[in-house]
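Chains as they are written, first to last, in the numbering used here: chain A, 1 to 633; chain B, 1001 to 1527; chain C, 2001 to 2100.
The hints are simulated quantities; they were obtained by calculation from the structure and are not laboratory data. Nothing here was measured: the structure is a model prediction, and the numbers come from that model. Do not take every clue at face value.
Below, a list of computed lysine to aspartate or glutamate pairs in the DMTMM-like style, where the Cα atoms sit at most 20 Å apart [stated by the list, open to error]:
| # | chain 1 | residue 1 | chain 2 | residue 2 |
| --- | --- | --- | --- | --- |
| 1 | A | K585 | B | D1301 |
| 2 | A | K163 | B | D1364 |
| 3 | A | K614 | C | E2093 |
| 4 | C | K2091 | A | D615 |
| 5 | A | K372 | A | E361 |
| 6 | B | K1363 | A | D560 |
| 7 | C | K2025 | A | D580 |
| 8 | A | K614 | C | E2036 |
| 9 | A | K614 | C | D2027 |
| 10 | A | K449 | A | D363 |
| 11 | B | K1300 | A | D588 |
| 12 | B | K1363 | A | D164 |
| 13 | B | K1440 | A | E162 |
| 14 | B | K1300 | A | D580 |
| 15 | B | K1440 | A | D615 |
| 16 | A | K614 | C | D2094 |
| 17 | C | K2099 | C | E2036 |
| 18 | A | K29 | A | D111 |
| 19 | A | K114 | B | D1449 |
| 20 | B | K1300 | A | D583 |
| 21 | A | K163 | B | E1442 |
| 22 | B | K1363 | A | D580 |
| 23 | B | K1443 | A | E361 |
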Amino acid sequence: MTEIFWLIPFLPLLSSFILAIFGRTLPKKYISFQACLAVFASFIISVISFFGLLKISQESYPLIKSLFTWIASGSFTINFSLQFDPLSAVMAMVVSGVGFIIHVYSVGYMDKDKGYSRYFTYLNLFTFAMLLLVMSSNIVLMFVGWEGVGLCSYLLIGFWFEKDSAANAGKKAFIVTRIGDLGFLLGIFFIFVHIGSAEFTAINQAISGGAVTQGLATLIALLLFMGAVGKSAQIPLYVWLPDAMEGPTPVSALIHAATMVTAGVYMVCRMNLLYTLSGTAALVVGVIGAVTAVYAATMALTQNDIKRVLAYSTISQIGYMFIGCGVGAYSAGMFHLYTHAFFKSLLFLSAGSVMHALSGELDMRKMGGLRKYLPFTYPAFLIGAIAIAGVPFLSGFFSKDAILTQAFANKQYFIWILGVLGAILTAFYMFRLIFLTFQGEERLEPEAKEHLHESPPVMTIPLGILAFFSIIAGFIGVPAVFGEKLNWFNKFLEPVMRPGHEVHLSIQTEWLLIIISVAVALFGIYLAYIFYIKKPQTPHQLNAKFPYVYKLLYNKYYVDEIYNAVFVKPVVRGSEIVYDNFDLKVIDGAVNGSASVTGLSGKILSYLQTGLIKDYALVFLFGVILFLGYLLF
Amino acid sequence: MNFPILSVVTFLPLAGAVFLIFVHRDRKNFLRSLALAFTLINFVLSLFLYIHFNPQTAETQFVEKGPWIGYGINYHIGIDGLSLFLVLLTTFLMPIAILSSWNYIQKKVKEYMIFMLILETGIIGVFVSFNLFLFYVFWEVTLIPMYFLIGVWGGPRRIYATLKYVLFTMLGSLLMLVAIFVLYSTYYKATGVYSFNIFDLSKLILNPNLQLWLFLAFALSFAIKVPMFPLHTWLPDAHVEAPTAGSVILAAILLKMGAYGFLRFGLPLFPDAVMKLLPVLAVLSLIGIIYGGLMALIQKDIKSLVAYSSVSHMGLIMLAIFSLNIEAIEGAIYQMLNHGLSTGALFLIVGILYERAHTRQIKDFGGVSSQMPVFSAFFLICMLSSIGLPGLNGFIGEILCIFGIFKTSKLLAILGISTVILAAAYLLWMFQRVMQGPIKNEKIYSFTDINKREISYLVPIVIMMFWMGIYPRPFLKRMDHSVSDLLNKVNRKERIFIQAEEDKKALTEVNNLINTEKNKEMEEEAK
Amino acid sequence: MIPGSYFFILSVILFILGVIAFFVKRDLITQFLSIEVMLNAGNLAFIAFARALNSLHGQVIVFFIITVAAAEAAVGLAIILLIFRQKKTIKSEDMNLMKG
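Use the sequences and the hints to build the structure in full.
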């Protein structure tokens, strides 16, 4: 049964294709049915293939299905082939599973939208591209998926293209991630030229066979990581993600939280041998991850837009995943990716439910006290927040703890401290969000209050499912202190990510670390409680005391403005100057100038042409005399 | 095969043009459909070339030879992996170009269609000629109909644009003519045989100095056509003023003649000169890539934006050609086809917009998507193809080109890859300002979505884009042998040595001729 | 017997007179006549050569010239007549349509 795994990506593609061509004439019910069914079928096949994978021996990993030769030119040969191994299996299940839930949710959320079929076309296409990304057996095909998800992200962010801000955000996302992709492409070329193949198995063989020097490994790893920085919204290319919230909320949940933005993490895990070999590159990954984790969290502190807080939180959490990869704990990074997919999409969908209830309101200053109006959304949101804050026994706790423990164990204390700091901030801003939205006094607009209603079941049931998984998903990877054998997740991924860097700590140290992370989580929540429930005036007092800090954070460190002033404006202005002066004046000037010089000389010479026969005769006579003179003397 | 299929494909449009002369000028629809029929039949005939093409050999196929004027001036046509797809591209785009001008051209329909058909013969002739003289004749033949297409059916500054186009091209091609004759006489001196056959001529080992001069003359002519920086300024003017179909053919096919010229003549005839000038050519191509991209970014007219994007794309193609390895050159040929499709399609799209709005200024548009959703989808696909998104044709060509460049020079590849970002930036920005956002102009409310005729000519292009992006094997396979054969020639692996007389006379001759030609040019321009 | 050189001198004098007349006079008819004078100076030179060299070739050429000159005179006068009809003048200064 596992042979059919190659169908996984193509079912959504087929559905997307049908919707693209006939979508405008099909009834809505059918559209949503087909779109959801395709993704659900992919999910089922992923699960079946996953169990098939468990049955067969590890030596036969990865399963490879080569469909056809895609590009063949000289030494550049790329097969269109898919592979299935534990890493792909986890990703495929997460993508199709979470994707399916979000498809269902979208049925309710997008119900009134006039671009219904277009929406599902894009969403299906996205699922295809993401599945292709995680299942391709070579890096070029992975790049195809990589660009494909970028395209869908562009289309879906700009879904409501009538709004300038949405159109802008889509374009920005595409271009900024493309800057990273440039590095990715160069990385691919280096691999091709030096290793001679783009297949992951061949690359891994070359690395473990010692065919790759450390310097080369560092170069390739950093170039590939450039792509990851763009796609996974890390410093310095994170700027597109907060703006991406212009898209429909389910899109933010699926693409900009659960799946696409984690593609960078997946890629680093896929190439883990390379990063381990390089060392330097791994350190860079870890440091960028750690700095981003804290940096993004600080920006989340002051935002008032509910989705933007979640966006910064996503950036920060992906930073954690990179910390995991950077310290060599790839499976811990993957584990966080997997739990994050659940609780972050839960948070986004709950936020969507809040927006739905308030007719599209995003500003938390106009919310508050929603607890009693949204009896289902509130607990769902709360579960998500607890999970992300790292309160024990929810999924986020296990994964974040695994990362921080590994960071400590690998003696990356600087990274560890940043991670802990980020954890406090995470707990704080998440509960700030909860308190401002659901607790405290009501600050609703009167007309918003009139329409206030809980979302329909088609939206709340997905919330329930995700909430359930946010609670239990962590139990497949419990820390070693509770028993060596219990960490099933690590074991499962072992064939792909050879351990070796997973240093084991003593039981006491590990307990200490767990206690610290629990303590910071609770501390953060407590702080938020003091700030926003007990003494609601504290934030204002702080603002008054440190106005510059607040302003800096609120304006996101002015990074957008700086990028604009440093990169965008000079390029556009410079091009204009060059166009006006060089193209129009120098080149065209030379062209038109030579034309007018010729014209002018013709004009001057034409005065010789008087039209009077006598003048011609005179010249003629003169010529004859000269000629005779020449003959005679 | 005994049936002279290639000659038929080449001259059928000309026959059509003659036929059209006898149709009364008021029967416009009959004229249009006749022209369409001729180009369509020609396309179907050209498919036989594709089907019967043998991908296993580098030999020229469908060869037809016949005496013509004598003294080496013979009729000699054929097809190989370098030219097959360019011929197909021409026959494929011609019916589309005619369909696109169905309503746009209202005055002098008869002459328009006749010129289009003559143009098709000229272009195909350029791609199939293996006799330098014949090639030159076709090369010049393409100039005349294009001159009139821009000059008669063009925009307000059409006379300036068309004169600029013709004079630019003439400057190059006259120098090429001189070089052709010098080559011819050198061959005659070396062997005692008159020949314009490029296979014969490419066996010559020329004095490096002479080679340099001859190559410069050829290269100038081709570089103007491509166009390479800094010889590109005729292109935006010609595009902006040309009617839609004119722009389509100009961008999609005529520019390819320059790049094809380098592949067919420049590289195999003058390999030493190419090697010597390689750095200069590569740097100019690279500047073209970046410069074209930056200029496209700030254009206010959609058509000149697309025109500058052509400069950038052609820069990449040229850089790939000068990388001289198999991936790069196959990528370059592939990218020529892609550029033909995607830029051709973009010009068609601009034409569709223009027919509705009667303006091409970006600032006059905004929010067109909500009025024209189907059109918007086509626009999006064509734009993405031009950006080089995987799954569409542009990606295959771009990745092969850049990979090939990378193999030759990492630095050039790193700089050249900036096209990836620049293309995304200028096209997406333009798309956003034209198609997205709120509707800013009252006129846009009156726009109707594209009609069946417009869909019917966009659909084939889009299908080709997907096909070439998803399954490029059939294309690459047919280029393989010819490209490696070309590389062997450039690397002198298969050359038979015929030592030309090492005479300095020839060199001075060239110098003199070049000088006199320059004077002639001056007179040309004066007129 | 008159020396041969006299004929030549006469022919040169005639020719120079014709040239001078061509440049001095302004109406087309007189200019036309001065051209005829130059022509006949040429004829005279031919005949003189024929005599000096004792060959008939020169004589034959003169006949040709006379016939051609007759035709030329007819065409030329016709042109002048037509110009006069159109422009009401035969001053050569007024004929400058070919001015650049």
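Can you name, in rising order, the numbers of the hints this structure does not satisfy?
Hints 6, 7, 15, 17 and 23 contradicted; others consistent.
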